[in-house]
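A.B. asks: Sequence:
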Amino acid sequence: MGFIVWMAVLGAVLLTLALTASYLRWMPVTTSAVCLGLGILIGPAALGFLQLDVKDASVWMEHLTEVAVLFSLFVCGLKLRLPLADRRWRVAFGLAGPVMVLTIIGVCLLLHFALNLGWGSSLLIGAILAPTDPVLASLVQVNHAKDYDPVRFGLSGEAGLNDGVAFPFVILGLLMLQQDASLNEWIGDWGLRSLLWAVPAGLLTGYWMGRGIGKATLSMRIKNEDSTLSPNDYLTLALIALAYVVAEAIGGYGFLSVFAAGLGLRQAEVQSSGGNHTPAEHLVQPVVGHLEAEPADAVHGDVENLPDPQVAAGIMMGDMLAFGGLVERAMEVFLVTLLGVILVAHWDWRALGIAAVLFLLIRPLSVLLMPWGSLLSVPQRLLIGWFGIRGIGSFFYLFYALNHGLGPSLAGVCTNITLSVVALSILLHGISTQPMLAWYERRTPSVG
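To convert, take the position in the sequence shown, counting from 1, and add 640; that gives the working numbering.
I should point out that these hints are in silico values taken from the structure, not numbers from a laboratory. Cβ atoms here follow ideal geometry from the backbone N, Cα and C, with glycine treated the same way. Just so you know, not all the hints are guaranteed correct.
Stated by the list, open to error - Label-pair restraints from in silico Cβ distances: (1) Tyr788 / Arg665: 22 to 30 Å; (2) Leu655 / Gln691: 15 to 23 Å; (3) Val997 / Thr656: 31 to 39 Å; (4) Arg665 / Leu1001: 26 to 34 Å; (5) Ala685 / Val997: 21 to 29 Å; (6) Gly1047 / Val1018: 41 to 49 Å; (7) Thr656 / Gln819: 46 to 54 Å.
As the list claims (entries may be wrong) - Below, a list of computed lysine to aspartate or glutamate pairs in the DMTMM-like style, where the Cα atoms sit at most 25 Å apart: (8) Lys695 / Glu706; (9) Lys855 / Asp873; (10) Lys695 / Asp988; (11) Lys855 / Glu888; (12) Lys786 / Asp948; (13) Lys863 / Asp726; (14) Lys786 / Glu1081; (15) Lys786 / Asp726; (16) Lys863 / Asp873; (17) Lys786 / Asp873; (18) Lys855 / Asp948; (19) Lys855 / Asp787; (20) Lys855 / Asp726.
Using the sequences plus the hints, can you model the full thing?
C.D. replies: Spelled out as structure tokens, the structure:
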């Protein structure tokens, strides 16, 4: 009966979103905010259709949120087409590096001095809340591979990178809580393994796997004339799985590897297109059911006048973006609805103050303190400072911490603060996203 109820509720939520989509697009509210409200409605605080115990569900929730983040990171990497030497990448690197570290420090200091939490627990919660979300922030990220707007591009690159870059600081917080030895005895090993090795190992492993597999796949399809008949969803799943596993096997971060795999695959498309400014999937699009269609009827676009590499790349990228995006949206609906179900039981009023300081002070100041120069105007810096959306990435780190030795009292504090702050982010950023982006796009007509 439990499974039947879960399926019925999930179907009802998806049907509600499908029927109301044409209305929601004109309202200042996101799908995530609607799912959060629906989750509260069907949870034990209202209708009582669903109940979920976080402690009992922590293991499968860790893996489910991990899968959701992996798909989103891969799709995020696929959308970023600028070469790594382009100066606009400095925005993404600055946000995912110094800005995220400043955010961790700011939240850590706030929790330690305002809530009297220990340094280890303060650092852990700061690291859990620091990364911006690649799943829930889709509205403020690049719309497609030809979107080079510095705000969207910077936020997309940040979301792709900082879910992995936050990992060493989560581990540091857990070590501070668990290690009996003095800091000097193990901090060097943490820095060597978790920072100097794991970060570049994850990025390089994923990038060269994505680029190499992308080039080999395109070459084989062109040689065998099967561009329209190959299942690209298999390739998506395989590359995500292999990039993650290989990176983890050598001590690198799988999140960074999967993001970099999408990035490397996109660079293979750029190379196959001969540096064409227009992404291949904008020139050729596979039709629905193209795997069973005749090659001549399987694609939209000027196939006869396009070189074979561009046709093959366009079909591959179009399929992978569509499949990855579908999984990403389904995961978003399911997980945010679950957040609504458990939110009332874990609501912490202290999160109002934490969220206010994080959203209005720590994040904006961290962005403004960076020496961006001519890369970003002041309005763009303010927008980026506000759009630090928290979400499913924080869920994963929360459940990872719960499954790695947190005591009951600290586990309750981490759970309540994290879930409450993420819910506030979904509501506040969800309500403000569309009006602020509309204002920005009126000022910047070339966006998207």
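A.B. asks: Now look at each hint and say whether the structure bears it out.
C.D. replies: Verification of the hints:
no.: 1; hint: Tyr788 / Arg665: 22 to 30 Å; result: holds (24 Å)
no.: 2; hint: Leu655 / Gln691: 15 to 23 Å; result: holds (22 Å)
no.: 3; hint: Val997 / Thr656: 31 to 39 Å; result: holds (34 Å)
no.: 4; hint: Arg665 / Leu1001: 26 to 34 Å; result: holds (32 Å)
no.: 5; hint: Ala685 / Val997: 21 to 29 Å; result: holds (27 Å)
no.: 6; hint: Gly1047 / Val1018: 41 to 49 Å; result: holds (45 Å)
no.: 7; hint: Thr656 / Gln819: 46 to 54 Å; result: holds (48 Å)
no.: 8; hint: Lys695 / Glu706; result: holds (17 Å)
no.: 9; hint: Lys855 / Asp873; result: holds (17 Å)
no.: 10; hint: Lys695 / Asp988; result: holds (17 Å)
no.: 11; hint: Lys855 / Glu888; result: holds (23 Å)
no.: 12; hint: Lys786 / Asp948; result: holds (21 Å)
no.: 13; hint: Lys863 / Asp726; result: violated (32 Å)
no.: 14; hint: Lys786 / Glu1081; result: holds (16 Å)
no.: 15; hint: Lys786 / Asp726; result: holds (14 Å)
no.: 16; hint: Lys863 / Asp873; result: holds (21 Å)
no.: 17; hint: Lys786 / Asp873; result: holds (23 Å)
no.: 18; hint: Lys855 / Asp948; result: holds (13 Å)
no.: 19; hint: Lys855 / Asp787; result: holds (23 Å)
no.: 20; hint: Lys855 / Asp726; result: holds (22 Å)
Of the hints listed earlier, the one the structure fails to meet is number 13.
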